[in-house]
Each structure stands twice: as C-alpha cells, then as structure tokens.
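**Student:** Each chain is listed here by its residues.
Protein chains: 2
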Amino acid sequence: MPARSRQEERSQHTRQRLMAATIECLVELGWSGTTTTVVAERAGVSRGAQLHHYRTRAELVLAAVAHLAEERREEVRREVAALPRGENHTAAVLDMLARLYTGPLFQAALELWVAARTDPELRAAVVPLEAKVGRESHRLTVELLGVDEGRPGVREAVQATLDLMRGLGLANTLTDDSARRNRLLREWARTLDRTLRETR
Amino acid sequence: MPARSRQEERSQHTRQRLMAATIECLVELGWSGTTTTVVAERAGVSRGAQLHHYRTRAELVLAAVAHLAEERREEVRREVAALPRGENHTAAVLDMLARLYTGPLFQAALELWVAARTDPELRAAVVPLEAKVGRESHRLTVELLGVDEGRPGVREAVQATLDLMRGLGLANTLTDDSARRNRLLREWARTLDRTLRETR
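Protein chains in written order, with my numbering: chain U, 1160 to 1359; chain S, 1160 to 1359.
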C-alpha cells in the first residue's frame, strides 16, 4: 500500500474515533460536558491530531451528528429492504423510525439543537444541518413507505409522521416511554394507511 | 390589612418575580446561563430573599415551569371557551395548542428536560413534573376537543396530537417553522375529525 493511502487510512480512522467519542460524550454528558479535551481523551487521540481534523468543538460536533445521521439512514434503508412486504409494512417502518428517534442519534442531535438555540454562532452552523437532516429523513420516509408525494395530503402525512417521531423522541428523554409509544404507533399505522390508501 | 396578609402578599409577589425571571433566563440564556445569581439580579430580589423561597436552582426552575404550565393551560381554556363552536373548531384548538408548544413555556421546559437527561438528581425531580404536565395537557386537550375517551382510538388520537405538538415545538426551536406547521395542522385537523367523527 502506498504511503499516502496508509496515511489517509490513519486519518480516516482518527476522524471516526473522534466522531464516535463525540456522540458518546453528548449522550452521556450532554453538550456542556462535551469539550474537545474530554472527547480527545476518550478517543485516545492527541490534541494536535484532533485540532488537525476539527478546529473547534462546533465543527467536531456537527461532523459527528451529520455522519451518524447518514450512517443510521443507510442502516434503516437496509433493514427495511430486508423486511417482507405485506399487511404490516407501515407498522414495521414506523417501528424502525421510532428506534432512530429514541436512540443515540436523537439524543446527540437534541443536545446540539438545544445548545444552538441560545448561541447565535452555533445556531448559524446548525440551521443548514437541520435542513439537510430534515430533507433526508423526509426522502427516506417517502421511500420506505413507498408513497407518491404528488398526491394531495401525502406530503403532509409524511411530515406529520416525522414530527410525531420527534415528539416521541422527546417523550422518551427522561423515562422509558416504549409501552405507550408502541400502542400509539399501532394506531398511527392505521391512520396513515387510511390516509395514504388511495395514493399507493 | 393585617400585617400577616401584607407579608404574605409581598412573599407571593417576590415568588412571582423570581419565577418570571427564571423563565426569561431559560428562554434567553438556556439552562447553563440560568443560575440563581443571574435570576435574583434580574428579578431585583436579594439573595437572602431568594434562598428563603427557593433553596436550589432545581427548586426554583421546577416551580417556575410548573407555575407557567398551569397559567398557560388556564389561558388556553379561557380562549377556547370564547371561540364560536362550528366547522373549524378542531383547527382552532390545534392552533391554540401549537402556540403553547412554540412559546416560552415549551422552550423553558425543553431546557429543563434536556438538562435533566444527563443529571440524575435533577431528573429524579423532573420526572414527576413531566408526568403531571403530561396528564394535565392530555386532560385539557380532551376537554377542548370535546371528545369521549371511552371510545376506542380516541385516547391514542389525543396522545398523537400532543406528541405531534411536541415535535412541532422542537422543529420550531432554531427557525420559524410556522408556514409548514400551519399547512400540516390544517391536514391534521381533517385527519383528527375523521378519526374522532363517530365518537362525538
């Protein structure tokens, strides 16, 4: 392997360790506990190497959340592709999305979003990421449900599903809300199927 | 007026100023900026008087959020009572709820909830408040929509409405999401009316 490739590989490995450590810190310690020093220590990466890849805490956290969001979307895509198509497809898709919105990605993003609310500089950086994550999540949900957005009401039904997921994620922040969530999602699958029925 | 009553009145006034200042601080500065010192200064209350009423930051913030939640529910109740009953009643109720979930109460509660997520002591104190606010919001929504929870699916439809509101609140945290939210709520009013139609 040529020297350049070996170095690129090491660089990528360092970046991945830093991003994974950042998510762990956000989930366990929240935004205020996620300092560049704590992340570098946890990742086992020198401060110099860290600064080479990510100059600021904001840069590091944004990269980590963007990367995890992409990774998780791909996972969900693969898992849904492996599902049998049938009666309970909508319910299975909702289950998968709910796992996304109650897992580490949601918790890490929540810490970033809330910190950005009262920090104008951070907010300016997070707003484009929020728009991108929102667009990609919408596209993924349309694809997973196999619906046609051209039909009236479909776009709003998909959006409502994602807003509902966001709300369910928040409701799961302090306590395990899974029993209530599962009942609610069973009903939501029925509502959604009824709303989308004519359009598929 | 007897001395005791005058003192009680002063005490209540002090508490109200402290609680209002706490909400302002949470909304503007976030949890980390909402220290007892900053709140006392903003309220124009001495540290001694503050400590007399609220011994810790957690006590002060919990009292402020609980108080504001109750106040806002009463406001919504009065506003809805003044609405003409008719075709667009569901849409009007949803508008009212959306205002609650995008206003200072939601922002202040969000700061508290997120801080509690990674702080076990604070979390233990917030969990009962979350349960209470959840129950009261549910009861209010059932009352405003005038629905019968005994019918199958109604309880879940009301819960979904509140989870949706929570998600819409979060979607409005960094940017003004009102145009999208209004379109979405018009569709949700139709879906909700269809779901609840047989039960009213």
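Among the hints, a few may not be true.
One copy or two, it doesn't matter: identical chains are merged, so the pair holds either way.
[Said to hold, decoys possible] In silico DMTMM-like cross-links for lysine to aspartate or glutamate, where the CA-CA straight-line distance does not exceed 20 Å: (1) Lys1291 <-> Glu1346; (2) Lys1291 <-> Glu1187; (3) Lys1291 <-> Glu1200; (4) Lys1291 <-> Asp1336; (5) Lys1291 <-> Glu1168; (6) Lys1291 <-> Glu1246; (7) Lys1291 <-> Asp1335.
No lab work stands behind these hints, which were simulated from the structure alone.
**Student:** Now, for every hint given, state plainly whether the structure supports it.
**Tutor:** Structure-based check of all given hints:
| no. | hint | verdict |
| --- | --- | --- |
| 1 | Lys1291 <-> Glu1346 | neither (29 Å within a copy, 24 Å between copies) |
| 2 | Lys1291 <-> Glu1187 | neither (25 Å within a copy, 26 Å between copies) |
| 3 | Lys1291 <-> Glu1200 | neither (30 Å within a copy, 40 Å between copies) |
| 4 | Lys1291 <-> Asp1336 | between (28 Å within a copy, 15 Å between copies) |
| 5 | Lys1291 <-> Glu1168 | neither (27 Å within a copy, 52 Å between copies) |
| 6 | Lys1291 <-> Glu1246 | neither (32 Å within a copy, 37 Å between copies) |
| 7 | Lys1291 <-> Asp1335 | between (29 Å within a copy, 16 Å between copies) |
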